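There are 2 protein chains.
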Amino acid sequence: MKFAVIITLKKDVLDPQGKVVEHTLQSMGINSLKNLRQGKYIEIDLNETDEKKAHNIIEDMCKKLLVNLIIEEYKIKKI
Amino acid sequence: MKFAVIITLKKDVLDPQGKVVEHTLQSMGINSLKNLRQGKYIEIDLNETDEKKAHNIIEDMCKKLLVNLIIEEYKIKKI
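Residue numbers (our numbering), protein chains in the order written: chain U, 1 to 79; chain H, 80 to 158.
One thing to keep in mind: the hints can contain errors.
Claimed, not checked - Quick look at which bits of chain U chain H covers, simulated, 3 or more residues with Cβ under 8 Å:
#, segment
1, 19-26
2, 34-43
Claimed, not checked - As a list, the in silico SDA-like pairs of lysine to any residue whose alpha-carbon atoms are at most 25 Å apart:
#, chain 1, residue 1, chain 2, residue 2
3, H, Lys143, H, Ala133
4, H, Lys157, U, Ile30
5, H, Lys81, U, Tyr74
It should be emphasised that the hints constitute simulated quantities derived from the structure, not laboratory data. Only a predicted model underlies this, so the values are computations on that prediction, with no experimental measurement involved. Backbone N, C-alpha and C fix where the C-beta goes; we use that ideal spot for every residue, glycine too.
With these hints in hand, go ahead and build the complete structure from the sequences.
Next up, the structure:
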């Protein structure tokens with residue numbers, strides 16, 4: 001069973017890396033760019049047939065290792 | 080208009096960073112983990128009301144800066 005986890009910085013947390021990319025694109029002439037933020041995307045393949053169990057395992061991974069809950073938030077999607 | 084761009088390594092490209100995370104999770108006792116790959120997630124806000132035009136601008140950004148087309152592939156989604 002495959003899941004995607006999208007990890008983004010919380011709304012009020014500064015994203016300097018995203019800002020650099022944003023400014024670079026603007027200096028390349030893309031004027032309609034209003035805002036850009038960078039996050040992480042993780043694709044996880046599990047040996048687990050029960051969707052609810054699998055979801056809980058992913059949730060566990062996020063809380064224990066993948067996500068810094070102080071500054072980041074995450075979304076889990078089945079793919 | 081807001082878009083999400085998901086950038087992943089092509090299937091045949093090694094993902095050493097993902098492997099490290101995978102092994103760490105396995106050593107933490109998560110045995111059902113079969114495979115894990117890391118990618119990038121970019122949220123882009125555009126000053127553009129025409130969806131097709133906006134999509135083309137994002138496509139342009141991907142090809143010119145965001146994506147290394149030799150080893151990466153990307154998906155664009157309106158959010």
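- prompt: Are the Cα positions of lysine 143(H) and alanine 133(H) separated by 25 Å at most?
  reply: Between lysine 143(H) and alanine 133(H) the Cα gap is close to 15 Å, so the pair holds against 25 Å.
task: Test coverage of the segment 19-26 of chain U by chain H using CB-CB distances below 8 Å; three residues minimum.
output: holds (count 3)
task: Would you mind confirming whether the straight-line C-alpha gap from lysine 157(H) to isoleucine 30(U) stays at or under 25 Å?
output: 18 Å, holds
- prompt: Does tyrosine 74(U) lie within 25 Å of lysine 81(H) when you go C-alpha to C-alpha?
  reply: 18 Å, holds
Cβ contact check, 8 Å cutoff: the segment 34-43 of chain U against chain H, three residues minimum: holds (count 10)
Violated hints for the displayed structure: none, as all numbered hints are satisfied.
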